[in-house]
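Peer 1: Construct all of the structure, not just a fragment, from the sequences and the given hints.
As they're listed, the protein sequences go chains A and B.
For the first sequence, the residue numbers in the UniProt record's numbering are 1 to 358.
For the second sequence, the residue numbers in the UniProt record's numbering are 1 to 358.
Derived from the structure by calculation, the hints contain no laboratory data.
Errors might be hidden in some of the hints.
Pairs involving identical chains hold if they fit within one copy or between any two copies, as the list cannot separate such chains.
Using 20 angstroms as the maximum straight-line C-alpha spacing, the simulated SDA-like pairs for lysine to any residue come out as follows [claimed, not checked]:
{"#": "1", "residue 1": "Lys314", "residue 2": "Glu27"}
{"#": "2", "residue 1": "Lys23", "residue 2": "Arg2"}
{"#": "3", "residue 1": "Lys229", "residue 2": "Gly162"}
{"#": "4", "residue 1": "Lys207", "residue 2": "Gln61"}
{"#": "5", "residue 1": "Lys207", "residue 2": "Thr225"}
{"#": "6", "residue 1": "Lys355", "residue 2": "Tyr272"}
{"#": "7", "residue 1": "Lys104", "residue 2": "Ser216"}
{"#": "8", "residue 1": "Lys156", "residue 2": "Asp287"}
{"#": "9", "residue 1": "Lys314", "residue 2": "Tyr28"}
{"#": "10", "residue 1": "Lys57", "residue 2": "Asp228"}
{"#": "11", "residue 1": "Lys249", "residue 2": "Ala312"}
{"#": "12", "residue 1": "Lys103", "residue 2": "Asp315"}
{"#": "13", "residue 1": "Lys229", "residue 2": "Asp24"}
{"#": "14", "residue 1": "Lys316", "residue 2": "Leu263"}
{"#": "15", "residue 1": "Lys183", "residue 2": "Glu58"}
Given the structure is predicted, the values throughout are model-derived calculations rather than measurements.
What follows is the residue order along each chain.
There are 2 protein chains.
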Amino acid sequence: MRKYNFSAGPSTLPVSVLEALQKDLVEYQGMGLSLIEASHRSPEYDAVHSTTLALVKELLQVPDTHEVLLLQGGATLQFGMIPLNFMGQGGSCDAVMSGSWAKKAIADSAKVGTVNKVFDGKDSSYTTLPDNVTTTAGAAYLHITSNETIEGVQWKNFPDTGDVPLIADASSDIMSRPLPIAKFGMIYAGAQKNLGPAGVTLVIIRKDLLERCPDSLPAYLNYKTHADKDSLYNTPPVFAIWAMGEVLKWIKSNGGLDGVQKLNEQKAQLVYDTIAAHGDFYRCPVDPEVRSTMNVVFRLPTEELEKQFIAAAKDKGMIGLKGHRSVGGCRASLYNAMPLEGAQALADFMTEFAKAHG
Amino acid sequence: MRKYNFSAGPSTLPVSVLEALQKDLVEYQGMGLSLIEASHRSPEYDAVHSTTLALVKELLQVPDTHEVLLLQGGATLQFGMIPLNFMGQGGSCDAVMSGSWAKKAIADSAKVGTVNKVFDGKDSSYTTLPDNVTTTAGAAYLHITSNETIEGVQWKNFPDTGDVPLIADASSDIMSRPLPIAKFGMIYAGAQKNLGPAGVTLVIIRKDLLERCPDSLPAYLNYKTHADKDSLYNTPPVFAIWAMGEVLKWIKSNGGLDGVQKLNEQKAQLVYDTIAAHGDFYRCPVDPEVRSTMNVVFRLPTEELEKQFIAAAKDKGMIGLKGHRSVGGCRASLYNAMPLEGAQALADFMTEFAKAHG
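Peer 2: Here is the structure:
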């Protein structure tokens with residue numbers, strides 16, 4: 001029986017996408033071989049590649065000012081590529097220190113130059129985000145994390161940063177809602193939450209920023225290399241891009257980003273409401289204004305009860321509810337592909353468990 | 001009907017591997033979800049990850065002095081990581097300029113420091129390799145390309161480089177034959193020829209070299225990051241590693257590297273012998289001493305005949321025979337997963353075509 005998979009990433013995918021990939025895995029559409037064996041210069045792969053890029057542009061309404069790239073190495077490689085491309089040795093940038101993923105991005109920027117933390121969530125244990133931020137003169141960019149997967153905080157409105165390019169790691173909430181792409185200098189995401197399986201990284205970058213990428217960088221590390229070759233400078237991760245294309249088709253057929261956003265809000269509301277209804281048993285530490293629709297973090301009265309909760313949920317076919325090891329507690333990740341029934345089953349179980357143990 | 005796929009990469013895979021992946025793609029071994037949806041910290045993925053690493057070590061007899069890493073970004077990202085990790089700004093390295101892939105590796109090293117070309121195949125149009133090479137005092141490493149996919153030259157014996165670490169791009173012939181791993185400081189390969197589908201990069205690195213990786217590098221770009229975390233510092237490309245593990249099991253069940261080497265030599269011999277038997281029609285420009293068992297390049301009397309040959313082969317279910325656009329001509333890639341029957345079918349067709357058009 002299929003489990004409800006609340007893992008933070010890699011995470012649940014639409015069953016229809018898995019079935020489509022399975023069907024064609026040995027022989028792709030009558031071509032006499034698998035797509036993963038085909039040359040990345042073949043017409044069959046080319047169609048998959050350009051369809052995937054076109055769907056990103058269509059669903060996110062990417063304006064002509066921006067380029068869409070498909071890279072490898074996850075958001076983690078982007079943490080390094082961003083300062084190498086835009087800050088330059090000894091330069092400076094601004095960053096919002098909002099949680100565990102912001103911390104990693106900041107650490108890499110700090111290898112290259114000076115990072116001004118224009119907000120630090122430390123005092124609130126990373127349970128909130130700033131209303132607005134003020135950029136620093138000379139900052140090469142302002143980096144934010146649109147959704148902190150581990151702490152469960154999510155930007156609802158994005159700051160205006162004037163001439164300072166706004167760069168966002170959107171790994172854990174890309175394609176979960178419409179986004180004002182024009183506000184961003186760059187937005188990027190590892191695939192393994194809402195886009196598909198792990199192995200491809202989406203980068204949306206404002207074209208004028210490509211002119212800032214220094215020629216002194218090795219080829220792969222320069223965004224211009226990939227933009228100039230339509231993300232085919234070197235062999236792309238064919239399977240991951242094929243799967244991402246199938247996921248994007250599924251999003252489109254489910255009402256696009258407005259459709260998935262509505263459903264994501266419904267699912268998150270179910271779980272947050274259950275937490276509130278049993279406020280003496282469950283507790284969500286996050287500022288209600290910035291609670292994530294993707295990753296609902298919550299605590300039970302004791303760590304012992306948390307262990308029991310996670311184990312009992314697993315017995316009922318609900319997995320991946322353990323909070324990240326760095327913060328403990330529980331976490332339910334409710335990405336696009338988690339059906340409403342999954343969120344409902346979790347809410348029902350939470351109610352039942354609170355009544356039995358509260 | 002399944003085609004014989006002579007593409008240079010991505011390239012043909014064992015059908016049994018494709019079938020194994022297909023079988024478990026929607027639900028992996030009864031776990032109630034696909035492996036590509038599972039957390040990379042799950043016991044199920046962990047077993048796949050460690051099995052794949054263990055099979056690399058077993059098949060290539062990797063000594064304890066060396067570490068095995070699974071990265072992303074292809075050999076292309078390695079071209080940049082190598083100088084950043086080992087040369088340092090303003091340092092120098094040695095390199096053998098043997099063809100198109102060596103050229104790309106050299107270009108990236110030259111972004112970081114000085115490259116001494118200890119051999120340049122330019123005068124022979126990259127149809128041969130040096131018998132031996134002399135390293136330069138102060139060189140951080142010597143870089144070679146164990147097989148040039150485009151020009152079809154392959155190192156048969158590797159040079160002794162003393163204290164200068166030998167680094168080899170083995171993308172197009174890794175796992176096609178036993179390798180004296182102890183001779184190498186580092187050996188690396190994109191997966192999409194002999195290891196599996198595109199999306200994962202194998203790196204085998206001598207442990208003492210990890211101490212040279214500078215702390216000033218962003219996390220992903222530092223080999224030490226990955227070595228310290230068993231290639232799980234960030235989310236790995238799960239599907240590509242799973243597939244690579246299945247390919248390695250298939251190699252093991254086919255007699256290991258001795259077994260595939262024997263078969264690879266047989267296949268290549270069939271095609272090279274056919275070229276020699278029709279020496280007035282086909283011509284292989286490569287020095288017989290260093291002809292590749294993986295990529296057999298050959299010319300026909302005219303470009304028009306080459307076009308006809310490629311089209312007629314395609315009609316007979318043999319695809320991917322066009323030479324790289326940078327050099328023209330024909331090329332048959334005969335990686336591990338190309339069955340002997342495929343090489344025989346090609347040889348038979350070449351004979352037939354020569355008789356009809358010679």
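Peer 1: Each of the hints needs a verdict: does it hold here or not?
Peer 2: Here is what the structure says about each hint:
For a Cα distance limit of 20 angstroms, the shortest separation of Lys314 from Glu27 across copies, 17 angstroms, qualifies, whereas the shortest one inside one copy, 36 angstroms, does not. For a Cα distance limit of 20 angstroms, the shortest separation of Lys23 from Arg2 qualifies both inside one copy, at 18 angstroms, and across copies, at 16 angstroms. In the homo-oligomer, the alpha carbons of Lys229 and Gly162 never lie at most 20 angstroms apart, since the shortest distance is 30 angstroms inside one protomer and 40 angstroms across protomers. When the C-alpha separation of Lys207 and Gln61 is checked against a cutoff of 20 angstroms, the pair qualifies only within one copy, where the shortest distance is 16 angstroms, while the shortest distance between copies is 47 angstroms.
Taking identical chains as interchangeable, the C-alpha atoms of Lys207 and Thr225 lie at most 20 angstroms apart only when both belong to the same chain, with a minimum of 13 angstroms there against 32 angstroms between chains. Taking the shortest alpha-carbon separations for Lys355 and Tyr272, only the intra-copy value of 17 angstroms comes in at or below 20 angstroms, while the best inter-copy value is 77 angstroms. Within a single copy, Lys104 and Ser216 get their C-alpha atoms only as close as 25 angstroms, which misses the 20 angstroms cut-off; across copies the closest is 14 angstroms, which meets it. For a Cα distance limit of 20 angstroms, the shortest separation of Lys156 from Asp287 inside one copy, 12 angstroms, qualifies, whereas the shortest one across copies, 64 angstroms, does not.
In the homo-oligomer, the alpha carbons of Lys314 and Tyr28 lie at most 20 angstroms apart only across protomers (17 angstroms), although the nearest pairing inside one protomer, at 36 angstroms, exceeds that limit. When the C-alpha separation of Lys57 and Asp228 is checked against a cutoff of 20 angstroms, the pair qualifies only within one copy, where the shortest distance is 17 angstroms, while the shortest distance between copies is 38 angstroms. In the homo-oligomer, the alpha carbons of Lys249 and Ala312 never lie at most 20 angstroms apart, since the shortest distance is 35 angstroms inside one protomer and 37 angstroms across protomers. In this homomeric assembly, Lys103 and Asp315 never come within 20 angstroms of each other (Cα to Cα): the closest approach is 35 angstroms inside a single copy and 56 angstroms across copies.
Neither within a single protomer nor between protomers do Lys229 and Asp24 lie at most 20 angstroms apart by alpha-carbon distance, with minima of 28 angstroms and 35 angstroms respectively. In this assembly of identical chains, Lys316 and Leu263 lie within 20 angstroms of each other by CA distance neither inside one copy nor across copies; the values are 23 angstroms within and 51 angstroms between. For a Cα distance limit of 20 angstroms, the shortest separation of Lys183 from Glu58 inside one copy, 17 angstroms, qualifies, whereas the shortest one across copies, 51 angstroms, does not.
In this structure, the earlier hints numbered 3, 11, 12, 13 and 14 are contradicted, and the remaining ones agree with it.
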